[in-house]
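Chain residues, written in single-letter form:
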Amino acid sequence: MRAATLFYLVLGAVALALPLLGVYPVFVMKLLCFALFACAFNLLLGFSGMLSFGHAAYLGSAAYVTGWLMATQGWGTLPGVLAGAVAAAGLGLVVGLLAIRRQGIYFAMITMALAQLIYFVCVQAPFTGGENGLQGVPRGEVLGLTLNGDIALYYFVLACCAGSFLFIRRVVHSPFGQVLKAIRENEPRAISLGYDVERYKLLVFVLSAALAGLAGSLKCLVLGFATLTDVQQAMSGEVILMTLLGGVGTFFGPALGAGIVITLQEYLSDRVGPWVTVILGAIFILCVLAFRRGIVGELQALQARRQARALSPGANAARDE
Amino acid sequence: MRIRTILGLLGLCLCLASRAAAATDEVVIGDIDDLSGVYADVIGPNGIEAIKMAVEDFGGKVLGKKVTLLTADHQNKPDIGASKFREWADQSSLNLLLGGSNTGVSLAMAKVAGSKKIPFIAIGAAGASLTNADCTPYTVHYAYDTTSLAHGTASTMVKSGGKTWFFLTADYAFGTQLQDGATKVIEAGGGKVLGSVRVPLGASDFSSFLLQAQASGAQVLGLANAGNDTTNSIKAANEFGIAKTMKPAALLGFISDVHSLGLKTAQGLILTTAWYWDLNDETRAFSKRFFAKTKREPTMLQAAYYSATTTYLNVVKTVGSTDPDKVMAELKRIRINDMFTKGGHIRADGLMAHDMYVVQVKKPEESKYPWDYYKVLRQVPADEAFGSTSTCSLLKK
Amino acid sequence: MNELMGIALPPLPAVLGQMTLGLVNGSFYALLSLGLAVIFGLLRVVNFAHGAFYMLGAFAAALALEHLGINYWLALLLAPLAVGALGVVLERLLLRHLYGLDPLYGLLLTFGISLVAEGALLQHFGSSGQTYPVPDALQGAVNLGYMIIPLYRLWVIAASLVVCLVTWFLIERTRLGATLRAATENARLVQAFGINVPLLVSATYGAGVALAALAGVLSAPVIQVSPLMGSSLVIVVFAVVVIGGMGSILGSVVSGLGLGMIEGLTKVIYPQASSIVVFLIMALVLIWRPTGLFGKS
Chain A
0 MRAATLFYLV LGAVALALPL LGVYPVFVMK LLCFALFACA FNLLLGFSGM
50 LSFGHAAYLG SAAYVTGWLM ATQGWGTLPG VLAGAVAAAG LGLVVGLLAI
100 RRQGIYFAMI TMALAQLIYF VCVQAPFTGG ENGLQGVPRG EVLGLTLNGD
150 IALYYFVLAC CAGSFLFIRR VVHSPFGQVL KAIRENEPRA ISLGYDVERY
200 KLLVFVLSAA LAGLAGSLKC LVLGFATLTD VQQAMSGEVI LMTLLGGVGT
250 FFGPALGAGI VITLQEYLSD RVGPWVTVIL GAIFILCVLA FRRGIVGELQ
300 ALQARRQARA LSPGANAARD E
Chain B
0 MRIRTILGLL GLCLCLASRA AAATDEVVIG DIDDLSGVYA DVIGPNGIEA
50 IKMAVEDFGG KVLGKKVTLL TADHQNKPDI GASKFREWAD QSSLNLLLGG
100 SNTGVSLAMA KVAGSKKIPF IAIGAAGASL TNADCTPYTV HYAYDTTSLA
150 HGTASTMVKS GGKTWFFLTA DYAFGTQLQD GATKVIEAGG GKVLGSVRVP
200 LGASDFSSFL LQAQASGAQV LGLANAGNDT TNSIKAANEF GIAKTMKPAA
250 LLGFISDVHS LGLKTAQGLI LTTAWYWDLN DETRAFSKRF FAKTKREPTM
300 LQAAYYSATT TYLNVVKTVG STDPDKVMAE LKRIRINDMF TKGGHIRADG
350 LMAHDMYVVQ VKKPEESKYP WDYYKVLRQV PADEAFGSTS TCSLLKK
Chain C
0 MNELMGIALP PLPAVLGQMT LGLVNGSFYA LLSLGLAVIF GLLRVVNFAH
50 GAFYMLGAFA AALALEHLGI NYWLALLLAP LAVGALGVVL ERLLLRHLYG
100 LDPLYGLLLT FGISLVAEGA LLQHFGSSGQ TYPVPDALQG AVNLGYMIIP
150 LYRLWVIAAS LVVCLVTWFL IERTRLGATL RAATENARLV QAFGINVPLL
200 VSATYGAGVA LAALAGVLSA PVIQVSPLMG SSLVIVVFAV VVIGGMGSIL
250 GSVVSGLGLG MIEGLTKVIY PQASSIVVFL IMALVLIWRP TGLFGKS
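Chains as they are written, first to last, in numbering that gives the first Met the number 0: chain A, 0 to 320; chain B, 0 to 396; chain C, 0 to 296.
Since the hints were derived computationally from the structure, they do not count as laboratory data.
As the structure is a prediction and not an experimental result, all values here were calculated from the model.
Treat the hints with care, as some may be off.
What the hints assert, rightly or not - Here are some, though not all, of the chain A residues that point toward chain C, as calculated from beta-carbon distances under 7 Å:
#1 Leu50
#2 Leu97
#3 Arg100
#4 Arg101
#5 Ile104
#6 Met108
#7 Met111
#8 Leu116
#9 Phe119
#10 Pro273
#11 Gly280
#12 Ala281
#13 Phe283
#14 Ile284
#15 Val287
#16 Leu288
Even for Gly, the Cβ is constructed at its ideal location relative to N, Cα and C.
If we strip away everything but chain A, and leave its shape as in the complex, we get (with noise of 0.2 Å):
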């Protein structure tokens, strides 16, 4: 624990740091809205055990929202940030109602057909401008600052990225996490011992797609336009490849597989060019195979093993099995 306290300092103040270091921003700002979105799916599929395979649907539609209210309506920065995140939690909440009857396999085939059926809808509707995107948004500014420099921008998003983190980690240590974890580990147990399970279901559910919007319109305001990208199919499947990559069910885990496959996407673009999907896809079954726990997961495994050594040197042959 307090290890992992230390860890979070360092990482908040080089987060702090980051600006004066002469790193991109954009980019950066780039990797903190995905790593949000990450962490927005983990607490669905890590903590509540349910694969969501459409949250591109959160994550594409509060862009929208967000974009079309300050590009067109003059909406200012927060209340249109705060709009893209509750119009995904509305969405969330119609699409959990329908996806939480089933379970597993099903919830995820659902969650699927569903952000498909959002997906054609925003292709159509006039107001996302098609495949030209929703183009030129303003940034605006926040208790009077404004954000029109990369760096103000930058610790506005990464106020608003550590403040849902905590957020996160508040709700998963919360006794509404503590239901969660025992849904998820047996659902007909929590059913017998008296929770409304499908409430719970629906709650978490609400609250990943807010996060997961409030991660799309973040990046809205940071890049200036929303586009169809952001809601396709393949961005469901790229926010699966972030978590499992950086180990489901772990806290930072999810941060760091978004910052791999960001950092990849834009590293490999202009060196490997098309190979870019076909790479994605075998790191994804490389993932799938070969460790399942993901980064930080296995870092984790790996220190468990050795304290588990450390206390008991003679179990060791038993542990290794």
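With chain A's structure known, arrange chains B and C on it following the hints.
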């Protein structure tokens, strides 16, 4: 252990983000494009070949500086396109960006061009807003836009008696823009649009829509779509014998589409193109070189890549520098005369206006040699094809 | 006039025509969801790569014709065999390691496989794809009284109905099918009777994948053979399977055909919605019967 690993990874990211800036004794041309997705056939890796050919023609040098080419695959994601552009602008002292293919990505990159003051030549994106609502002083729109595509086919068909139309329209911005543009031309020519059906993206079976078209009794079947939508609708029109009662007319079609369909299926189709490899000796000479490298005849967009690169390098030579404002001023002053266009010119709003061609796909028995696919019906003059109205704010000064 | 809620109703022959065409698309849905159901029944794997195998089937046929001169009829047999064999190899090499784990991993693994397959083919063949000619014996059209339909489309309906019937018969009425169903219920017990269950599992995956490839070959003369032809189709088929009830053979066939027809009707009444109608129906079915029309809870 864990912390060290993660810090190591963070460090790695830092290194990636701050790679050493390139030396300034070179001219850097970037190409950000769809190299792997749905547009890869019409531009893609072979578009890069075309740029390389243009650079080779200058001996790889201009003003005594080496010409360097950077390429990236935007994967049809506007954020990747825009951030790669920004990265090159800041760290590789980019002088010119080519690319696009996807309108969403192109618009995002045009924004960066405006703020970084780097000339950006958009090729392959059809969206007319690039030189209208979203124009910048540094954007040039090459090859075609929705206006010129809609105009070419529609005006030619109406003149040759195709007065009644039925549209198969892709149900998103691009399709509706094409249909609206064509409808204006048809109605101005005394024709009439009897109906249209808006086909959702991703439909692979067009037969039901085609039966509706047939039932309308219209003479012309207007295809306001692109790529696999176009090829699938032509395939179904052929299968259902609709091509016998209606004249299929595509507003946008590429030679690669015709090649993949085959003449037996595509014959008789009328479409608008910015360029055709078999127009004259100059185009054939270029295509021969291109074919030697790629084993395919160039599409109009690949030819446009060559032309745009050549034009830029020529301008740099005349101006004697790569200063963006001087280059843009000269680009908008000159007339472009090369194998792609004769007398083409870049207007104040950034649109490269040039003659377009309306062609008809040959019957299999008319085709004398490989890739002998089109007969030219009409050469549409630049002003007629591209129109003269623009809402670009640069014109209001 | 034929107006209903402001939407003009088309005349009857047009409706019948659209429903017939919908039946053609429904045949593809049925074949694909049948393969998914067969695989899911025994392996508990939701095969996301189904669309990719459908595409591979079409490509196998197109390449066989172009390079080896193998005609349509032979391809109808050989392409599913080849793709089925590939499926068996993938099952042995990759999927096998996931049995006993959460079925979600199977979904994720096959998702990765589909990314690799589509990306690699896109890289090699480009997106515009290839055209496959209608075989000579099926050229021409038939007058059904209310519409003139190309012979090939009728053949698609007939062929897929026969294949679905045969599959249903194999699984529900033969000894092999009985073994298969028994293995679904209790693999260890069946193994104890001396039946090679791992082989049975590989063969089943191969067969399910071969059904997808068969659908691919059947569709090759109708639509452009391109690397992305299966990527959005698979999501629609997922919805079909959710509507029908996963693992139900009859359910997948009936709902495949039915949804094809409903989609066909939507194309004429309100074409913009034709891409989402299946998803909307799925939502309604979930409210009314969460286990699907033919599913057991």
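Indices of hints not satisfied (ascending): Violated hints: none at all, because every hint is consistent with the structure.
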